[in-house]
Every structure is written in structure tokens, then in C-alpha cells.
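Novice: Chains as they are written, first to last, in our numbering: chain A, 1 to 309; chain B, 310 to 618.
Think of the hints as simulated: they come from the structure by calculation, not from any bench. Accuracy of the hints is not assured; some may be wrong.
[Unchecked claim] Here are the simulated DSS-like pairs of lysine-lysine, each with C-alpha atoms no more than 30 Å apart in a straight line:
| hint | chain 1 | residue 1 | chain 2 | residue 2 |
| --- | --- | --- | --- | --- |
| 1 | A | Lys125 | A | Lys148 |
| 2 | A | Lys116 | A | Lys148 |
| 3 | B | Lys457 | B | Lys434 |
| 4 | A | Lys205 | B | Lys603 |
| 5 | B | Lys434 | B | Lys506 |
| 6 | B | Lys454 | B | Lys514 |
| 7 | B | Lys567 | B | Lys506 |
| 8 | B | Lys376 | B | Lys454 |
| 9 | A | Lys294 | B | Lys506 |
| 10 | B | Lys603 | A | Lys197 |
| 11 | A | Lys145 | A | Lys116 |
| 12 | A | Lys294 | B | Lys514 |
| 13 | A | Lys258 | A | Lys148 |
| 14 | A | Lys67 | A | Lys125 |
| 15 | B | Lys502 | A | Lys294 |
| 16 | B | Lys514 | B | Lys434 |
| 17 | B | Lys502 | A | Lys193 |
| 18 | A | Lys193 | A | Lys258 |
| 19 | A | Lys193 | B | Lys603 |
| 20 | A | Lys67 | A | Lys294 |
| 21 | B | Lys603 | B | Lys567 |
[Claimed, not checked] A partial selection of chain B residues facing chain A, derived with a Cβ cut-off under 10 Å:
| hint | residue |
| --- | --- |
| 22 | His499 |
| 23 | Arg503 |
| 24 | Thr533 |
| 25 | His570 |
| 26 | Gly571 |
Since we're looking at a predicted model, the values are computed, not measured. Just so it is clear, CB atoms sit at the ideal spot from N, CA and C, and this is done for glycine as well.
Number of protein chains: 2
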Amino acid sequence: MATDKRPSSDSLLIVGSMAFDDLDLPSGPARNVVGGSATYASVAASLYTPVRVVAVVGDDFPESALKMLQGRSVDTGGVERTTGKTFRWAGRYSPNLASRETLDTQLNVFADFRPKLPEHYRDSKIVLLGNIHPALQLEVLAQTKSPKLVVADTMNFWISGERRTLLEVLSRVDALVVNDEELRQLAEDHNLKRSAKAVLSMGPKLLVVKRGDAGAMLFDATGTFFAPAFPLETELDPTGAGDTFAGAVLGFLARAEKIDHGTWRQALLVGATVASFCVEGVGTGALVAVTHQKLAARLRELTDLLTVG
Amino acid sequence: MATDKRPSSDSLLIVGSMAFDDLDLPSGPARNVVGGSATYASVAASLYTPVRVVAVVGDDFPESALKMLQGRSVDTGGVERTTGKTFRWAGRYSPNLASRETLDTQLNVFADFRPKLPEHYRDSKIVLLGNIHPALQLEVLAQTKSPKLVVADTMNFWISGERRTLLEVLSRVDALVVNDEELRQLAEDHNLKRSAKAVLSMGPKLLVVKRGDAGAMLFDATGTFFAPAFPLETELDPTGAGDTFAGAVLGFLARAEKIDHGTWRQALLVGATVASFCVEGVGTGALVAVTHQKLAARLRELTDLLTVG
Numbered sequence: 001m002a003t004d005k006r007p008s009s010d011s012l013l014i015v016g017s018m019a020f021d022d023l024d025l026p027s028g029p030a031r032n033v034v035g036g037s038a039t040y041a042s043v044a045a046s047l048y049t050p051v052r053v054v055a056v057v058g059d060d061f062p063e064s065a066l067k068m069l070q071g072r073s074v075d076t077g078g079v080e081r082t083t084g085k086t087f088r089w090a091g092r093y094s095p096n097l098a099s100r101e102t103l104d105t106q107l108n109v110f111a112d113f114r115p116k117l118p119e120h121y122r123d124s125k126i127v128l129l130g131n132i133h134p135a136l137q138l139e140v141l142a143q144t145k146s147p148k149l150v151v152a153d154t155m156n157f158w159i160s161g162e163r164r165t166l167l168e169v170l171s172r173v174d175a176l177v178v179n180d181e182e183l184r185q186l187a188e189d190h191n192l193k194r195s196a197k198a199v200l201s202m203g204p205k206l207l208v209v210k211r212g213d214a215g216a217m218l219f220d221a222t223g224t225f226f227a228p229a230f231p232l233e234t235e236l237d238p239t240g241a242g243d244t245f246a247g248a249v250l251g252f253l254a255r256a257e258k259i260d261h262g263t264w265r266q267a268l269l270v271g272a273t274v275a276s277f278c279v280e281g282v283g284t285g286a287l288v289a290v291t292h293q294k295l296a297a298r299l300r301e302l303t304d305l306l307t308v309g
Numbered sequence: 310m311a312t313d314k315r316p317s318s319d320s321l322l323i324v325g326s327m328a329f330d331d332l333d334l335p336s337g338p339a340r341n342v343v344g345g346s347a348t349y350a351s352v353a354a355s356l357y358t359p360v361r362v363v364a365v366v367g368d369d370f371p372e373s374a375l376k377m378l379q380g381r382s383v384d385t386g387g388v389e390r391t392t393g394k395t396f397r398w399a400g401r402y403s404p405n406l407a408s409r410e411t412l413d414t415q416l417n418v419f420a421d422f423r424p425k426l427p428e429h430y431r432d433s434k435i436v437l438l439g440n441i442h443p444a445l446q447l448e449v450l451a452q453t454k455s456p457k458l459v460v461a462d463t464m465n466f467w468i469s470g471e472r473r474t475l476l477e478v479l480s481r482v483d484a485l486v487v488n489d490e491e492l493r494q495l496a497e498d499h500n501l502k503r504s505a506k507a508v509l510s511m512g513p514k515l516l517v518v519k520r521g522d523a524g525a526m527l528f529d530a531t532g533t534f535f536a537p538a539f540p541l542e543t544e545l546d547p548t549g550a551g552d553t554f555a556g557a558v559l560g561f562l563a564r565a566e567k568i569d570h571g572t573w574r575q576a577l578l579v580g581a582t583v584a585s586f587c588v589e590g591v592g593t594g595a596l597v598a599v600t601h602q603k604l605a606a607r608l609r610e611l612t613d614l615l616t617v618g
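From just these sequences and the hints, can you work out the full model?
Specialist: Shown next as C-alpha cells:
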């Protein structure tokens with residue numbers, strides 16, 4: 001794979017899950033698909049910058065999946081392999097892929113996950129705290145040395161069950177990346193704009209809201225930006241698209257000369273572009289095959305969607 | 310109301326319904342609200358250009374509603390007043406306004422509507438064929454003399470029940486404006502992009518897809534454009550927002566010096582902006598109070614949502 005990394009990329013740390021997914025897709029069933037938020041985010045971020053990943057897997061997790069990551073400049077020194085089974089999720093998508101239901105969740109080794117940063121990870125400048133227990137997100141933060149940008153993800157389970165700890169996380173991160181349902185649940189308000197304001201008052205200076213095929217929005221003190229989803233003719237599997245989006249955004253930011261208003265907006269377009277490739281394949285299948293040439297062409301098409309004149 | 314019309318605006322004809330709406334809104338019930346596609350579209354279009362409207366009302370329709378339109382340079386000479394009751398629609402919105410159910414539809418005088426264009430309407434250059442029976446849309450077209458732009462709307466009822474006549478309409482219009490559900494139903498495909506391609510092969514050179522708070526998209530041979538919905542903090546009543554959008558788009562196009570690629574894209578942003586005001590009030594309440602100063606300010610905000618740098 002061609003890479004496109006400036007020598008001075010900021011070091012990027014990604015913490016999250018590695019998993020097996022059993023997917024009932026409109027195109028047919030797919031079993032034992034290697035997934036998890038850390039996997040998708042790392043593959044996506046590695047398009048732009050080297051990655052350091054922290055996760056836990058069981059003794060059933062294929063070495064080939066870790067080798068694939070290593071081949072993309074993903075440091076897997078922080079992936080703990082422990083006795084037992086890897087986290088497993090099973091879901092069924094609706095025929096039009098617009099919704100899905102969880103059929104089964106087996107936490108397995110993920111239930112006792114206590115992220116430990118290898119010594120050489122601690123100076124990471126950019127940190128993506130994937131969707132894990134907020135108490136663990138705080139433990140990760142405690143192991144880092146003055147990162148310059150910390151971005152957190154979370155989910156409905158922690159918003160309802162671990163609100164106090166989650167609010168502690170929010171007070172300590174620079175940005176939050178959630179989907180629109182999670183945003184509304186966190187703000188306890190059905191209105192997107194008011195919810196965004198409420199969450200920005202909880203600590204993060206920046207909020208990214210993922211809305212599936214309705215695109216992604218960026219809210220900060222200076223205003224709002226909208227990145228459309230790339231309109232695809234072939235949609236196979238949306239699993240991991242949100243994590244792919246976040247990973248690509250962080251990877252792009254890590255490689256940027258400076259992170260300002262315009263960098264963030266561009267990063268959202270990059271995230272939407274990379275995520276679109278994810279949906280075109282099952283699991284990380286299409287994502288790992290993306291070339292920088294294809295990425296650049298699609299990013300131009302996406303940018304044209306926003307061009308008035 | 311301040312108006313902003315170049316002297317040489319192209320004449321705009323709008324055909325559709327005038328109605329009473331009974332609305333169960335999260336903010337409370339609203340009864341006998343003057344609505345209908347022609348009403349919303351005319352009010353919106355009149356922000357940019359004089360309008361000629363064709364519709365039918367019963368003897369219960371308030372003269373004050375027609376006077377309101379006349380005060381906005383809407384020619385109501387084509388509004389037929391007939392014996393009987395005006396078309397009535399009743400609907401209930403979900404608490405977050407994201408969905409609604411129809412409680413009752415009484416066609417009344419609308420059931421026997423046969424649109425008749427006054428002689429001085431026949432030279433209209435721009436025509437909006439609102440959501441009426443496709444056979445009536447064809448009758449309207451037959452009464453016009455070489456319009457330069459014809460845009461049609463339609464709905465699920467005609468797509469499933471009058472498909473052949475609707476396809477005849479599609480073969481004779483320049484553009485179609487529908488929501489995403491109608492698009493998918495028309496194309497018989499759940500994929501938006503493929504559906505758009507399919508509909509463009511049915512005749513229209515241009516397709517506008519309304520997606521509610523997910524914005525609107527424009528498809529033509531040259532590409533795709535995306536206009537986000539303006540993120541509102543106060544949402545009272547989405548009734549008529551789609552018709553308001555279409556009316557504003559057509560009004561803006563009628564006033565434009567020329568209608569090209571960029572004009573259409575700008576028109577979608579204008580449509581999204583005007584529609585946002587519609588949602589902030591009940592019925593046309595907020596829409597009729599819009600000033601060009603407020604419009605311009607919000608259009609700048611919406612444009613900033615698309616500005617990367």
C-alpha cells in the first residue's frame with residue numbers, strides 16, 4: 001500500500017476493542033469477521049500516520065489480523081493477548097441497511113480489560129479514547145504524558161449507566177465523537193442544535209456528530225460545519241463505518257502541520273471519504289484495499305458536493 | 310415586507326392545493342390552519358418573485374388568506390372558489406417531530422379539481438406542478454405556452470396508483486422534486502444514488518431530493534450537490550416545509566439572470582434557508598414574517614456550514 005505520511009506526524013494512540021463480528025447482511029451472512037472499534041480506527045488512521053493501538057484479544061484471535069495491522073505501520077505492542085475468547089458481537093441489518101439489531105454480545109476477555117500503555121506509547125500526542133468504560137478511558141488518560149489532543153467516543157450503555165464517570169471524561173477531553181442518538185441521549189434533548197450546545201458546555205471544545213448516511217457535523221465555538229456522506233451505489237456492510245470515520249479524522253489530524261478550524265473541517269471530509277470505502281466491503285475488506293489515488297479522487301467528488309459555484 | 314425582485318423576473322406559475330390542516334404538534338393542537346402545497350410554495354416564492362397560483366378552495370376558505378397572498382404579489386386569479394368544503398388534512402407529529410401520521414384526509418372540493426389557467430397565466434416561463442393527480446399535471450402543461458422550466462412534485466399515492474401517467478409527466482418535465490422515500494418508491498430501489506440515476510433516465514434532466522433535517526440533494530448529469538438543513542434550536546411545525554423549499558427554489562430561479570449549474574446549487578441553499586423559517590412557526594406563521602435581512606443572515610450561516618477553509 002502506498003503511504004502518504006509527513007516525517008513529522010504526531011504520534012497517534014488508539015484505544016478500543018478488537019472483536020469477532022457475526023453479521024447478517026442483506027448480501028448474506030458473514031461469520032467471524034475481524035472487527036472492533038480499534039481495528040477499524042487503526043486501519044483507517046494508518047492511511048495517514050503510524051498508529052499505536054491498545055486492545056485485548058483472546059487466544060482465538062488470528063495472528064494474521066495483527067500482522068495485517070503491523071504491515072500498515074500499526075504498532076500492536078499494546079494489544080494484550082489473554083486466555084479466553086475474543087469479544088464477539090452479532091447483529092442483523094435491515095434489507096436497506098438503514099437499521100440493525102444486536103442479536104448477541106459476548107464480552108469475553110473484553111469484560112476484564114484494563115488498558116495498559118507500553119512505556120513507549122505514553123508520549124503519544126494525539127489520543128483516541130474509543131468506546132470503552134469511561135473509567136478505563138480515565139485510566140488511559142492517566143497513563144499518558146501531556147497529549148495535545150484527546151478525542152473520546154462513547155455509547156448509549158455508558159451514557160445511561162455510567163453518566164457521572166462519563167461527565168468526568170468529558171471534562172478532560174478536547175473533543176467528543178458520537179452519533180446523533182448518543183448526542184440526544186447525553187444532552188437529554190431531542191433537538192440536535194440545542195444538544196450540541198449542551199454537550200459543548202460539559203467540557204469538550206469540539207463536538208463531532210455522526211449521522212450515518214446523513215453525514216457528519218462539527219460543532220465548536222466558531223460555528224458549525226457539515227460533511228455529507230459520500231453517496232454510494234454499492235453498500236455492503238456499514239459495520240465499523242463510524243470507527244473508520246473517527247480513525248481517519250484522527251489520522252489526518254495527526255499528520256497535519258497545525259490543527260485549526262480549517263484542519264478539522266477538512267478532517268471531517270477525509271473521515272467521510274474513508275468511511276465510504278468501509279461500507280463498500282464486508283468487515284475491513286474494502287478498507288484495507290484503498291489506495292491513496294482512490295482516496296484522493298473520492299475526496300474531490302465529496303468536496304464537489306459542497307461546492308456552490 | 311421588503312421585496313427583492315429584479316424587474317425582469319420570469320413569470321412563475323404554481324399549481325397545487327390549498328387546505329385546512331388540523332395539527333397535533335408537540336407544542337399543542339392547532340386547528341383550521343391554512344395550508345396546502347400551493348399556499349406554502351407561493352408564500353415562499355413570493356419572497357423572490359411575483360407568483361401566479363392555481364388551486365381550488367371551498368366557500369369556507371377565508372378571504373383573508375387570499376388577501377395575504379395578494380399582499381405578497383401573488384396573483385390569486387387562478388384560485389377557483391367553489392361550493393363545498395376546502396380540502397382538509399389532519400395529522401399528528403411524534404414528540405421529536407421526526408415522524409408524523411395522517412389522522413384524516415377529506416378531499417372535499419379538491420376531489421373534482423380541474424385546474425384552469427386564466428388566459429394571462431398561459432405564458433408563464435417557470436412552472437411548478439405541485440403534488441396533484443399526474444393527469445391534472447398534464448392538463449396544466451397543455452394549457453401553458455412554451456415554458457422554459459417545468460418542475461414537478463409528486464407523492465407515494467400517485468407513484469403506486471398512477472405510475473403510467475406519472476411516467477408521462479416525468480418524460481415532459483425538466484426537473485422532479487421529491488423526498489427520499491418517494492424517490493426510492495419511484496425507482497423501486499432502496500439505494501439513493503442508484504435511484505437518482507434511474508429517475509434521471511425517466512426524463513427529468515434534474516432531480517432534487519428532500520431529506521428533511523438531513524438536507525436536500527441535487528442530481529444532474531454534471532454531478533451531485535448537497536444542501537444541509539439549517540440546524541434549528543426551535544422547531545414547532547414541519548408542515549409545508551417541503552413545499553416551502555420547492556417554492557423558494559423556483560422563486561429564486563425565476564429571478565435569476567440565467568439558470569445554470571451554479572444557479573441551481575444556490576437555489577437549493579435558498580430553499581433550505583426559507584424552509585427553516587417555515588419550521589419555526591405553526592402553519593405559515595413564521596414564514597410570512599421573514600424579512601430579507603433575516604434571510605440573508607441565515608443564508609450566510611448555512612453557506613458557512615459548507616465552507617471548508
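Novice: Check the structure against each numbered hint from earlier and tell me which ones fail, lowest number first.
Specialist: none
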